[in-house]
Amino acid sequence: MNIHEHQAKELLGSFGVAVPAGVVAYAPHQAVAGASELGGERWVVKAQIHAGGRGKAGGVRVAESPDEVGAIAEELLGSRLVTAQTGPAGAVVGRVLVEPAAEIVRELYLGLVVDRGAQRVALIASAAGGIEIEESEADLVRETIDPALGLQDFQCRKVAAALGLGGGLLRPAVKLMRGLYRCFVETDALQAEINPLAVLADGSLVALDAKLSFDDNAISRRPAVAELRDLDEEDPKEVDASGHGLNYIALDGQVGCIVNGAGLAMATMDAITLHGARPANFLDVGGGATPEKVSNAFRIVLTDPNVKTILVNIFAGINRCDWIAEGIVSASRELEIDVPIVARLAGTNVEEGRKILAESGLALTSAENLDDAAAAAVASLKEAA
Amino acid sequence: MSVIVGRESRVVIQGLTGQHATFHAEEAIEGGTNIVAGVTPGKGGSTHLGLPVFDTVAEAVAETGANVSGIFVPPPFAADAALEAIDAGVEVVVVIADGVPVQDMIDVKRYLVGRDTLLVGPNSPGIITPGECKVGIMPSHIYRSGRVGVVSRSGTLNYEAVQQMTARGLGQSTCVGIGGDPINGVDFVTCLRAFEHDEETDVVVMIGEIGGPQEVDAARWAVEHMTKPVVAFVAGSSAPTGRRMGHAGAIVSGESDTATAKMDAMEALGLAVVRNPARIGETVARVVREIGSGLTRVAAR
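Keeping their order, the protein sequence lines are chains X and G.
Taking the working numbering, the leading residue of the first sequence gets 1, the next gets one more, and so forth.
Taking the working numbering, the leading residue of the second sequence gets 1, the next gets one more, and so forth.
Certain hints may be false.
Unchecked claim - Pair by pair, the computed Cβ-Cβ distance ranges are:
id, chain 1, residue 1, chain 2, residue 2, range
1, G, D55, X, R221, 21 to 27 Å
2, G, V113, X, P88, 45 to 51 Å
3, G, H20, X, E359, 26 to 32 Å
4, X, G16, G, S253, 27 to 33 Å
5, X, D252, G, G270, 21 to 27 Å
6, X, R221, G, E255, 34 to 40 Å
7, G, D116, X, G53, 31 to 37 Å
8, G, D217, X, S65, 53 to 59 Å
9, G, R243, X, G39, 39 to 45 Å
10, X, G39, G, S253, 38 to 44 Å
11, G, D55, X, A128, 51 to 57 Å
12, G, G50, X, L149, 42 to 48 Å
Said to hold, decoys possible - Interface residues of chain X toward chain G, partial, derived using beta-carbon atoms under 8 Å:
id, residue
13, R80
14, L81
15, V114
16, V121
17, A148
18, G150
19, L190
20, G261
21, A267
22, A271
23, F315
24, L370
As the list claims (entries may be wrong) - Which stretches of chain G does chain X cover? Using the computed rule of at least three CB atoms under 8 Å from a CB of chain X, they are:
id, segment
25, 43-55
26, 77-90
27, 128-139
28, 180-190
29, 195-202
To be clear, the hints were calculated from the coordinates, so they are not data collected in a lab.
Idealized CB from N, CA, C, for every residue including glycine.
Modelling step: build the complete structure from the supplied sequences, incorporating the hints.
Here's what the structure looks like:
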């Protein structure tokens with residue numbers, strides 16, 4: 001789960017990370033009032049969307065007066081911001097963050113990641129901030145953290161030294177890193193990014209931008225984090241699906257996919273592609289799929305108007321083919337499905353499942369294996385065209 | 001002989017009294033698995049499926065000599081159950097749960113340092129040596145005893161590959177699901193090494209997916225250390241960038257994370273790469289024929 005910049009800053013601030021003062025505004029007049037309240041002579045107005053790349057897309061602007069803050073907010077709020085990370089459809093700006101403009105002396109990068117190689121959390125930093133960090137892997141300073149000890153002061157000093165944060169900046173740097181790590185652990189974050197971490201003209205060290213994403217599997221034990229979820233930032237179909245225990249990702253093809261297991265779901269998409277068509281979605285019904293869950297899967301896949309055929313591919317281990325088959329039957333009774341369905345069932349209780357489908361009288365194509373299933377789905381697409 | 005689990009395994013099931021655990025334990029017992037005990041805190045002293053149930057893993061180990069644990073408890077409790085099994089000195093711990101918090105697994109991995117326990121999973125279908133031992137949720141009826149070793153990140157793709165092989169009369173020595181999470185137990189290299197040393201394995205099938213460097217790292221290791229051929233497939237050629245495809249670890253963050261880049265690299269290293277997931281069985285059959293005729297002496301230099 002991702003959150004907005006202003007939420008990340010509030011959260012980090014509560015863990016002792018130095019962040020700028022700021023006001024969130026949902027309407028232009030709130031932005032104007034916020035600017036006056038903050039004081040100063042120049043302000044930054046930052047569009048709050050989850051995707052990065054806002055600066056280049058015109059989503060971060062400087063204002064010279066509270067009125068200008070209002071004018072920029074007016075322009076940004078409700079607009080659709082297209083950045084390198086939003087995709088061509090962009091994201092609608094629902095709120096802006098107003099902060100006093102900072103006079104930056106140096107920009108650095110600081111982050112925490114789950115390091116798959118080390119199987120631990122690692123603190124990563126770079127003396128070059130404000131950049132696409134993954135493109136400059138070579139310049140990264142990396143400090144792996146022993147979970148039993150937590151991030152130690154000496155590690156923070158090492159990183160600070162590598163960033164050139166000596167003298168009076170050393171102590172604030174250590175405090176900031178420790179706060180960042182504590183926040184990461186205590187919120188079950190998966191990724192934290194301060195980019196840029198800035199040295200300002202007044203000599204302070206501040207997180208000028210912040211990004212946090214959290215472990216969906218730990219949200220239930222982090223109610224304070226769960227409250228930060230902004231459903232407007234998510235695809236409504238994906239929200240609907242996750243509410244039913246389904247993992248759905250919209251794609252741009254015509255073959256709707258209902259599969260169990262992430263690996264098989266990807267392989268099914270690959271097989272469809274190899275047969276010359278494209279998947280309309282990724283959908284994993286997960287383990288323990290009940291007939292209701294399967295029925296919901298059909299409903300969600302069919303909300304995509306591009307779907308011209310549906311391929312069900314189930315290899316049941318912990319699942320049961322008979323339950324899946326019941327789900328297919330009840331879905332086709334409840335929903336008005338006017339596209340062809342190809343079903344391939346295998347694994348646990350497969351005979352019972354096939355029997356239910358055969359006796360249902362449904363006009364669906366049964367396939368024996370993955371290749372036949374993908375071929376049949378693609379063929380039905382061509383017939384329909 | 002076999003890999004990681006076999007005839008000599010004495011299995012304890014943590015969470016035995018649960019619905020899924022009961023279903024799969026029964027199936028495993030029918031398939032020849034020597035399940036010796038169950039653990040459900042609070043139900044110690046009772047019996048389930050004719051097996052003694054204990055409150056703690058330590059008691060189960062002391063009373064029954066269990067040396068393998070299958071953990072069937074829900075995700076929020078899985079890490080604690082794994083720590084308990086590791087502490088009890090169990091040799092192999094298999095975690096099935098999908099959805100274990102990453103930081104819990106980081107703690108478990110830390111606890112494993114300096115200990116000999118082999119962890120399989122989480123988010124894993126488990127491990128099976130057909131006809132001897134199954135600790136997991138895979139549909140036993142598709143597996144046959146034979147000489148192909150299988151290691152995969154995905155559970156259902158493991159089944160898919162196995163069914164294609166079994167349909168061609170190719171049985172399996174052991175099949176391991178290492179799981180789809182970014183922080184997990186045994187990796188590809190550990191399994192490849194075990195298969196290389198296993199006298200009953202002739203060929204290894206490695207099934208990966210998008211995200212992370214492990215497939216190519218394993219391929220590099222295989223080329224340097226293995227005499228047995230490795231057939232490889234990576235799922236997700238059609239997956240978009242920057243989206244987590246179901247598995248926590250399945251995300252393309254950079255060019256090297258893509259399925260195509262991984263398969264290209266593995267092919268360049270000399271592995272038998274399959275591009276079509278429906279052709280895994282066919283490719284294994286071809287490689288097996290080549291070994292028989294002496295054509296393939298492998299990825300070996």
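Consistency of the hints with the structure:
1. Look at D55/G against R221/X: about 24 Å separates their beta carbons, and that is inside 21 to 27 Å.
2. Our hint of 45 to 51 Å for V113/G and P88/X holds, since their Cβ atoms are close to 47 Å apart.
3. The hint said 26 to 32 Å for the Cβ distance between H20/G and E359/X, and at roughly 27 Å that hint holds.
4. For the pair G16/X and S253/G, the supplied restraint of 27 to 33 Å holds, since their beta-carbon distance comes to about 29 Å.
5. For D252/X paired with G270/G, a C-beta distance near 36 Å fails the hint of 21 to 27 Å.
6. The hinted range of 34 to 40 Å is satisfied by R221/X and E255/G, whose Cβ atoms lie roughly 36 Å apart.
7. The hinted range of 31 to 37 Å is not satisfied by D116/G and G53/X, whose Cβ atoms lie roughly 48 Å apart.
8. The given range of 53 to 59 Å is respected by D217/G and S65/X, whose C-beta atoms sit roughly 56 Å from each other.
9. At about 42 Å, the beta-carbon gap between R243/G and G39/X stays in the expected band of 39 to 45 Å.
10. The hinted window of 38 to 44 Å between G39/X and S253/G holds, with their beta carbons roughly 41 Å apart.
11. Checking the proposed 51 to 57 Å range against D55/G and A128/X shows it holds: the Cβ atoms sit about 56 Å from each other.
12. For the pair G50/G and L149/X, the supplied restraint of 42 to 48 Å holds, since their beta-carbon distance comes to about 46 Å.
13. For R80/X, the shortest C-beta to C-beta distance to chain G is roughly 19 Å, which exceeds 8 Å, and the interface hint is violated.
14. The beta carbon of L81/X comes no nearer than 17 Å to any beta carbon in chain G, farther than 8 Å, and the hint placing it at the interface is violated.
15. Using the Cβ-Cβ criterion of 8 Å, the hint placing V114/X at the interface with chain G is satisfied: the shortest such distance is roughly 6 Å.
16. A distance limit of 8 Å between C-beta atoms decides the matter here; for V121/X the minimum to chain G is near 7 Å, and the interface restraint holds.
17. For A148/X, the shortest C-beta to C-beta distance to chain G is roughly 5 Å, which falls under 8 Å, so the interface hint holds.
18. Of the supplied interface hints, the one on G150/X is violated, with its beta-carbon coming no nearer than about 11 Å to a beta-carbon of chain G, more than 8 Å.
19. Because the beta carbon of L190/X sits about 6 Å from the nearest beta carbon in chain G, less than 8 Å, this interface hint is met.
20. About 3 Å separates the beta-carbon of G261/X from the nearest beta-carbon of chain G, less than 8 Å, and the hint is met.
21. The closest approach between the C-beta of A267/X and any C-beta of chain G is roughly 4 Å, which is under the 8 Å cut-off, so the hint is satisfied.
22. For A271/X, the interface hint holds, the least distance from its beta-carbon to any beta-carbon of chain G being 6 Å, beneath 8 Å.
23. A least Cβ separation of about 5 Å between F315/X and chain G falls short of the 8 Å threshold, and the interface hint therefore holds.
24. A least Cβ separation of about 5 Å between L370/X and chain G falls short of the 8 Å threshold, and the interface hint therefore holds.
25. Here the segment 43-55 of chain G counts 0 residues with a CB under 8 Å from a CB of chain X, which misses the bar of 3, and the coverage is violated.
26. With 0 residues having a Cβ less than 8 Å from any Cβ of chain X, the segment 77-90 of chain G misses the three-residue criterion, and the hint is violated.
27. A count of 4 residues in the segment 128-139 of chain G with a Cβ less than 8 Å from any Cβ of chain X is obtained; the coverage claim is therefore met, three being the minimum.
28. Check result for the segment 180-190 of chain G against chain X: holds, 3 residues qualifying (beta carbon to beta carbon below 8 Å, three or more required).
29. Requiring three or more residues with a Cβ within less than 8 Å of a Cβ of chain X, the coverage given for the segment 195-202 of chain G is violated, as only 0 such residues are present.
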